[in-house]
Structure formats: structure tokens, C-alpha cells
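Peer 1: In case you want the letters, here they are:
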Amino acid sequence: NAGVTQTPKFQVLKTGQSMTLQCAQDMNHEYMSWYRQDPGMGLRLIHYSVGAGITDQGEVPNGYNVSRSTTEDFPLRLLSAAPSQTSVYFCASSYSGREAFFGQGTRLTVV
Amino acid sequence: AQSVTQPDIHITVSEGASLELRCNYSYGATPYLFWYVQSPGQGLQLLLKYFSGDTLVQGIKGFEAEFKRSQSSFNLRKPSVHWSDAAEYFCAVGVRGGGADGLTFGKGTHLIIQP
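Going down the list, the protein sequences come from chains V and P. Okay, so the first sequence: first residue is 67 according to the working numbering, each after it adds one. Okay, so the second sequence: first residue is 98 according to the working numbering, each after it adds one.
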């Protein structure tokens, strides 16, 4: 049972480049979400999904897109990377508002 | 919408001393409550959770937390800390019935352990 798997673990992008952060879970959880973690800011919700085909914006959605075609996968797309998107990104899954299970994170640097 | 406040950004405790990390939440009903721990460079690990029932909950690594409805608090405690407890601690609330916006986290408390 792998839990929540995020790839890649580290990434360096140039300003303006696009990329997709991958997230997969094998617990059949309906809820999946993406957070970014910045020093002194805690975790801030970017986008979330309550099931396949259903997504919505969180607190800091600008510059990011998501889709949920399957229960297992919830990729996060950066459309045109900016230095302000330098952060650590965490994907999480949960069931009906109960505890979230987190991936190990992706450390992204935009230069 | 719910919110979480962790009043202490940093706390320094001597090894072997007791610990209490504060957490206050704002929500119209009784939420689900969680404490997570994050070691440097790592993901978040669940320490303990409260859904219902006994308001004193036990978690892993010798931690416990008490839900106090009258104070809207869910403080984390440990009777004797170890150097390995140095980490970032996050309190979080979840909405009963499956709130669509996941969990809401506090900004975290950085725990430093002095030898």
C-alpha cells in the first residue's frame, strides 16, 4: 500500500516554463488536494477535488490548473512558472473530511 | 469558513521537560481536529485526531491532546520531550460531513529542544 505518491521530489524551472506535478493515491479516497508550504505561512490550499471530474479553487489558485479524470490521480499544472511559485508542494488525499494523508512533497525552484 | 490559530510560532523546551502547544479553532459546530508533525525535509505525519467521544485523545510518540469545546481549543501535550521531537507541528480542522475544501491548517509551531 503506497499511500500518496508525488513526483518529482525536486524540480528547477526557468521563468515561463510549464510543468506538471504528479500525484497518485491508492486508498480510493474521494478527496484530493494540493497545498503549498512557504516559510511562516503554513500550508495553503491551492486546488481540491471531491471526486473524479469535480475540482475547485482553494485559497491560492492563481497560476495553477488541476484536473481529476480518475479517482487515483490529481495532477497540478503550472502554466507559466514564476519565481513566486518557488515553494514546497504537497498533495493529500482524505475521506469525507477526515485525516489527510500526505505525499512526501515536491520542492520546486523557479529561477 | 473555519480557521485555525496557533499562537506560538516558536517554542523552546529543555529535553525531559513537559510540552504544551496551543491550538484554537473557529467553526460553527464541532469539527474534526488533528495534529500533524513535520520533520525537516519531510512530509506531514498524523500525530492524533479527534472525531467524537472522549475529549482526551492519545496519539503516537507519547503525545496527547484535549478537546475543550468551551474554549474552542485542541492543545497538544507531552509529559517529557525527547530531542527527536524537534520539528514543526501543525493543528488542523476538518468539516464534518466532508467539507469540500479539505483541511484548514494553522501556520505551525516550530519546536526547539534544548539539551
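Treat each hint with caution, since some may be false.
[Said to hold, decoys possible] Covered by chain V, according to a simulated footprint, are these stretches of chain P (three or more residues, beta-carbon under 8 Å):
1) 143 to 155
2) 202 to 210
[To be verified] Straight line, CA to CA, 30 Å or less: simulated DSBU-like cross-link-like pairs of lysine-lysine:
3) K204(P) - K80(V)
4) K158(P) - K146(P)
5) K165(P) - K75(V)
6) K75(V) - K146(P)
7) K204(P) - K75(V)
The set of hints was computed from the structure by calculation and includes no laboratory data. Remember, predicted model here, so these are calculated numbers, not experimental data. Glycine included, C-beta positions come from ideal geometry on N, C-alpha and C.
Peer 1: Quick one: which hint numbers does this structure break? Sort them smallest to largest.
Peer 2: The structure breaks only hint 5.
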